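K.L.:
Sequence:
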Amino acid sequence: MVDFSKPRKPSRASLFLASGGAKGITAQCVTKLAQCYQSTFILMGRSPYSAEPEPNWSAGVPDEKALKQQAMDTLTTAGEHPTPKRIQRMVKDILSQREIAATLRAIEGAGGHAIYVNADVTDAAAAHAGVEQARQQLGAEGDGTLPQITGIIHGAGVIADRPIAQKTEADFELVYSVKVDGLKNLLHCVPPGDLEHLILFSSVAGFYGNVGQTDYALANEILNKVAYQFKREHPACRVLAIDWGPWDGGMVTPALKRLLAQRDIDVIPVDTGREIFASAVATDDGDTQLVVGNALARPAQVLDNRVQTHRMQTEPIRIHRQLSLDANPFLQDHVIGGQAVLPTVCAVAWVVNAAEQCYPGYTFFRVENYKALKGIVFDGTLADDYVLEIKEMDADCASPKGSGQPEQFTEVTLIALICSQSDDGKSRYHYSMDVTLRRTPPASPQYTGFDLAVTHPITREELYGGTILFHGPSFQGVKQILNLGPGSLTMQCTLPELSPETQGQFPVQTFNPYLTDTSLQSLLVWAHHTYGYGGLPLSIQKGEQYRSAKVGDKLYASLHVQSSSKRRLLANVILHDADGQVYSHVTGAEITLSPRLNPLFAQNQLPTRSVRRGQQ
6 MVDFSKPRKP
16 SRASLFLASG
26 GAKGITAQCV
36 TKLAQCYQST
46 FILMGRSPYS
56 AEPEPNWSAG
66 VPDEKALKQQ
76 AMDTLTTAGE
86 HPTPKRIQRM
96 VKDILSQREI
106 AATLRAIEGA
116 GGHAIYVNAD
126 VTDAAAAHAG
136 VEQARQQLGA
146 EGDGTLPQIT
156 GIIHGAGVIA
166 DRPIAQKTEA
176 DFELVYSVKV
186 DGLKNLLHCV
196 PPGDLEHLIL
206 FSSVAGFYGN
216 VGQTDYALAN
226 EILNKVAYQF
236 KREHPACRVL
246 AIDWGPWDGG
256 MVTPALKRLL
266 AQRDIDVIPV
276 DTGREIFASA
286 VATDDGDTQL
296 VVGNALARPA
306 QVLDNRVQTH
316 RMQTEPIRIH
326 RQLSLDANPF
336 LQDHVIGGQA
346 VLPTVCAVAW
356 VVNAAEQCYP
366 GYTFFRVENY
376 KALKGIVFDG
386 TLADDYVLEI
396 KEMDADCASP
406 KGSGQPEQFT
416 EVTLIALICS
426 QSDDGKSRYH
436 YSMDVTLRRT
446 PPASPQYTGF
456 DLAVTHPITR
466 EELYGGTILF
476 HGPSFQGVKQ
486 ILNLGPGSLT
496 MQCTLPELSP
506 ETQGQFPVQT
516 FNPYLTDTSL
526 QSLLVWAHHT
536 YGYGGLPLSI
546 QKGEQYRSAK
556 VGDKLYASLH
566 VQSSSKRRLL
576 ANVILHDADG
586 QVYSHVTGAE
596 ITLSPRLNPL
606 FAQNQLPTRS
616 VRRGQQ
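Using my numbering, you'd call the opening residue of the sequence shown number 6 and step up by one each time.
Everything labelled a hint here was simulated from the structure, so no lab data went into it.
Keep in mind the model is a prediction, meaning the values are calculated, not measured.
Cβ coordinates follow ideal geometry from the N, Cα and C atoms, glycine included.
Among the hints, a few may not be true.
Said to hold, decoys possible - Quick list of simulated restraints, FRET-style, between CB atoms:
#, residue 1, residue 2, range
1, V216, E178, 18 to 24 Å
2, T453, S55, 57 to 63 Å
3, Y213, H86, 42 to 48 Å
4, L179, L151, 29 to 35 Å
5, P53, Q546, 53 to 59 Å
6, R167, P53, 38 to 44 Å
Construct all of the structure, not just a fragment, from the sequences and the given hints.
P.N.:
Structure representation (structure tokens):
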């Protein structure tokens with residue numbers, strides 16, 4: 006039974022404002038409070054709700070599977086196209102309406118009272134308006150006096166799980182704003198001195214951390230810290246942050262439940278979670294943070310049978326490096342606006358060379374999801390230390406356990422991030438990408454869509470004369486442009502030959518950054534021909550390498566534009582020989598275009614030979 010021996014219990018007179026309170030585990034918790042104390046609740050959620058009867062097509066249809074079939078039949082009968090997306094939207098809306106209605110009925114059936122407010126907790130104005138409307142309604146139901154909200158239960162939350170190197174700003178804002186901005190907006194709806202209860206639904210991810218949930222962990226840990234601060238400022242209020250583990254239901258599907266069981270992670274039974282919540286709200290024992298659940302750790306794996314050349318990582322590999330102009334003479338040939346800039350291909354070489362050293366016997370094959378976040382410029386912003394983080398994402402096993410053969414992994418995919426710290430201690434993220442290594446690269450494909458006709462020749466001297474390309478001798482691998490049209494370009498290339506001393510900290514190994522840069526110069530040439538100015542790299546969806554070039558190979562780069570505007574160019578680039586044998590294939594190379602780059606490209610010489618920091 007719940008122990009209610011301590012003071013500060015809710016009562017029939019309590020009025021709780023609960024975000025996310027009409028659905029999921031928050032609904033289960035507020036319903037339990039209604040059973041215990043017959044309190045009143047303002048339930049706030051983003052989902053629309055109407056007390057009107059369901060439409061005819063869904064009325065009486067019992068479950069999701071049947072609803073989908075009924076939605077499809079309804080759209081077909083009406084002469085409309087029943088797309089999966091539209092069917093899912095129709096069914097989701099009905100199920101949401103039913104869950105909200107069931108929560109309201111459960112609270113009323115337990116002796117409590119509830120009003121649902123359709124408002125986004127991250128929208129301060131909408132949240133405040135919704136709360137005031139609910140108070141007006143409650144006042145009208147009583148003696149006309151606006152009731153005072155005595156408690157806040159912040160249960161709203163969303164997730165956008167993915168490795169940190171793949172997270173976007175939109176992912177972070179979505180997760181962070183619901184938890185942190187949502188709480189701030191709720192507190193603005195109620196004078197803090199009126200509160201008797203402030204209950205925050207945090208997560209064990211905020212306490213222990215969890216793979217793929219950096220944003221969620223951060224947001225929930227902020228809730229934990231806010232709870233302590235609020236308690237210090239308002240000691241008469243019962244303040245509690247509950248770090249919940251996964252509940253048996255809601256977002257925990259049967260498949261996820263099986264995965265959690267494999268990781269020895271206990272799920273919280275619904276009835277147990279409800280009891281814990283009600284007891285914690287009513288018992289003010291001085292604790293401000295309550296952890297309910299264990300760490301969401303990755304499973305321990307027995308790897309003894311794997312070949313010695315490969316062992317699955319459980320922690321990132323971190324490699325530190327110092328950079329300088331002295332250590333990398335080729336940088337004198339990659340100058341924009343009078344400053345040496347690290348070529349984007351060198352960031353790829355940085356990762357590829359390190360990955361191959363960490364995984365002997367494996368060879369670079371593919372880079373995906375490449376993003377240039379904040380390029381490295383050799384000026385006053387150059388950091389003392391750069392960190393390359395490599396973490397294994399996946400491995401493909403050709404001979405798994407039980408086959409009678411040692412496990413052989415045909416390929417391994419790594420998540421990579423290059424970062425540093427600014428002088429004031431803030432983290433700076435420079436490049437992120439996924440790199441796949443293979444034991445044996447696949448056979449080189451045959452390319453047939455190329456055109457070697459010389460219809461729009463541009464000489465090497467014209468290209469590198471300072472008006473089209475800014476690159477110095479180390480990167481001048483284009484011999485000539487053969488043809489150039491509205492959506493394509495073909496150019497003849499040569500393999501740049503640089504001494505080991507010139508290559509510095511970015512030597513040619515399996516991956517040749519200087520040749521790759523040459524092929525990607527096709528985007529700048531096409532952009533300048535089309536718009537009169539060039540661009541800077543943003544991202545690459547995928548790049549695959551099938552064979553390495555040798556001195557004397559006669560190479561061609563064929564560019565095919567996918568989309569373009571005055572501000573952006575997206576294209577594919579294939580490096581091949583005269584017979585169409587593919588050396589590499591870059592898909593979705595994106596650059597940002599700007600006329601302001603023309604004068605910067607013209608400043609392609611270092612004004613003075615500056616030296617900063619030592620080499621690795």
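K.L.:
Hint by hint, note whether the structure agrees.
P.N.:
Cross-check of the supplied hints:
For V216 paired with E178, a C-beta distance near 21 Å keeps the hint of 18 to 24 Å intact. Range check, T453 to S55: about 59 Å between beta-carbon atoms, so the 57 to 63 Å window is met. Judged by the Cβ atoms, the range 42 to 48 Å given for Y213 and H86 holds: they are separated by roughly 47 Å. Between L179 and L151 the Cβ separation comes to about 34 Å, which falls inside the hinted range of 29 to 35 Å.
The hinted window of 53 to 59 Å between P53 and Q546 is violated, with their beta carbons roughly 36 Å apart. Taken as a hint, the range 38 to 44 Å is violated for the pair R167 and P53, whose Cβ atoms sit roughly 29 Å apart.
Hints 5, 6, counting from the list given before, are not met by this structure.
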